[in-house]
Amino acid sequence: MNSYLESNARERIHGLLDKGTFEEFLPPEMRLVSPHLAQLDAPVSFDDGIVIGQGLLCGTRIFAAAQEGGFMGGAVGEVHGAKLVGLLKRAIAENVAAVILLLDTGGVRLHEANAGLIAVSEVMRAVLDARAAGIPVIGLIGGSNGCFGGMGIVARCTNAIVMSEEGRMAISGPEVIETANGVEEFDSLDRALVWRTTGGKHRYLLGDCQTLIADDTAAFRQAAYDAMQACIETGAELTLTALESEQRLLENRLHEFSTHTEPMDIWHQLGIPNPEIVPMLEAQAFSEYAAQYRLGA
Amino acid sequence: MNMADRAWDTRRSNTAQRLARARSALGAVLAGKLLPAAHINDLLYSVLEPGDRVCLEGNNQKQADFLAKALASLDSTRINGLHMLLSVLALPEHLDVFERGIASQLDFSFSGPQAGRLARLASAGKLNIGAIHTYLELFGRYFIDLTPRVALVVAQSADRNGNLYTGPNTEDTPAIVEATAFKSGIVIAQVNEIVDVLPRVDIPADWVNFVVQSPAPYYIEPLFTRDPAKISELQILMAMMAIKGIYAEYGVQKLNHGIGFNTAAIELLLPTYAESLGLKGKICKYWALNPHPALIPAIEAGFVESIHSFGSELGMEEYIRARSDIFFVGPDGSMRSNRALCQAAGHYACDMFIGSTLQIDLQGNSSTATLGRMSGFGGAPNMGADARGRRHASPAWLKAGQQARDRKSAIPHGRKLVVQIVETFREHMQPAFVETLDAWQLAEQTGMPIPPVMIYGDDVTHILTEEGIANLLLCRSDEEREQAIRGVAGYTPVGRARDRRMVENLRDRGIIQRAEDLGVDKRSATRDLLAAKTMKDLVRASGGLYNPPKSFRNW
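Residue numbers (our numbering), protein chains in the order written: chain A, 1 to 297; chain B, 1 to 555.
Rather than coming from a laboratory, the hints here were simulated on the basis of the structure. From the three backbone atoms N, C-alpha and C, an ideal C-beta is built for every residue, glycine too. The reader is advised that the hints may include incorrect statements.
[As the list claims (entries may be wrong)] Here are the simulated DSBU-like pairs of lysine-lysine, each with C-alpha atoms no more than 30 Å apart in a straight line: (1) A/19 <-> B/230; (2) B/244 <-> B/280; (3) B/244 <-> B/285; (4) B/533 <-> A/19; (5) A/19 <-> B/522; (6) B/522 <-> B/244.
[As the list claims (entries may be wrong)] Here's a subset of chain A near chain B, in silico, CB distances under 8 Å, partners left out: (7) 3; (8) 195; (9) 199.
Based on the provided sequences and hints, a complete structural model is requested.
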């Protein structure tokens, strides 16, 4: 099995780290499960849908967390969030080289209402705390749930995001938009449109993710290592200069593209010669073809 | 009445009257056979008479949706009591005509998405059902006792004389038009476009009375596309057992597949697992099948020699055009399908049908009509029927016949292999194996004279589940047959009620074969065996020629 998309959380995290080095914190036998789901007669999971722990990435000791998209769409509840926050806080306490988040989530677990919302906001704060302490946080997105809702914001709080083209990132998911604003606004069954709008290639071209790779666990491992090394060289802390430059990028995006409804028109405006061939290009060929047109490049 | 006084052309003269009415009502609006869409109701009022038998084209893929809407909008005080002939009840309008009192009698094949509403209308007395037919049975009756008076059909394009080009989705059109036009009926076609020169003529203008360009292209459903990403390891294990235990065992060359993920898994294992068993050229060369995208890797690997199709599949047009050695294409390069011919070909020329079902009973009868879901049969019953009139031999057919005859010195006569491939539990943990089919209860509820059985048990030769293969040909008594079925029914109540010793005895005799008996290693049943794991892999395998519908993409 080498497809990152088809792997589960544990297969991904074991494939990411050096063979045999992953050590899980709060492992399944501890049965840390959501207290809210049982009250609602909803099924719980032995790990509340997230794997956290430490291991070696190409010889460097790091912390990592992997969300299990197969349990409630990788949604964040109280325990799930607390495991993530605890991992980031311990990373600061132990001053590890990096934290890598394998994100596969629809966002907050609505069943847990405010407890889930608080959990997501605590994760955001913990990510920024880790960065302030000089610890790079890297997000990997290539699971079938993508990365949506509050966790989409968490992802954009990290130092770098690595995506496959099958990965998706946004705040509101396609079904949410269609339900709220109608099928004319966004047809969630038009999967090609969904991926053009939220998929890895579009996020790369808009400057939302730094690296686009093929759907391959080994490729994620290499890209995570490269992103970590780059952060160690440039520094992990969020600076005012970086924030201001991000602000300019976003204002520019709004100004340039706010009237477009079709991502391919945006790619065209970015100067990509044949935007219609972009969806079918393999990751490597795409990166070579499109890198020079990418925003923030 | 003296026979000499009888008029022998009443149908023809009545048709002439109807056509004259249409000409006078429409006048200059009519350009030859071409009619503007806005005047469709005027035309229908002119050519229809109460009580007419009307065939409205529509099957599990393409729909004469514009004509269906027009028919359903007629005034029931003027047009009523129609007898509808429908392959498939797919659109709301197919039932609106009954709800609104325009039609009252129904003969059909498949009710798919309208199944629940159909049952409600039937019990409310809004319609009478003649019978639920297979496609071939319904087509057959068009030429015997259910010939349409008026046929409302659909084609891709027409020229200005009224010649029709049906494109790859020819499907039911030839059978409907042939029956109607050659028994003095009236044929009205909706088309997507009117052009000066057609790529090819599928239906000659002489057989068509009126052509109307619909405001929007006709609806078409990609019903046969299975995303390889959704194929499970259990389905892969079953596919391995099918290939080794049935395809290789009988040397099956000529076959038809159902449309489920189980058979898609088999198609995607041909260039990998079957190739590794040395089966290329020995199995699966000739097919009666829609152009399933899951077949692309097997075609590219050189497994497949020929495919004749019931209908087409959205997105396969360019691939088919580029593989004219495999598909039946016209001089223009595009495919022509034909449901009636392909059904007949599959019935008489295939050595094997393999497909899935929702329920199987202890005699091997199966049905997809269950309580709360009456999805119908379409053409599967004919593919899954043993054509007893067949007279040409093939090794697979003869071997099955020999097993069935138990070495009795009867005259050599083969058997078609009919394989049901099912997981012991279907969705929502409903057991696929039952003591009594829901079909009995459905028949009672809807007043049908016989329970709607898809494939009768006496046609079924093998049942394949994740537990193994039951070869019903080798069973010598009803009791053995029942235990063979229980023996592969797993942990369902039917499976748990097996007689352990008898099942072990059947296994010793090779009537039940488990994966390990076939030398199939369960641990190797992983998705890595699939020749394509994603839709994009299928596009890659096709060299970029396959263009999947947008609902199947994640790029």
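key: Hint numbers not upheld by this structure, sorted from lowest to highest   = none
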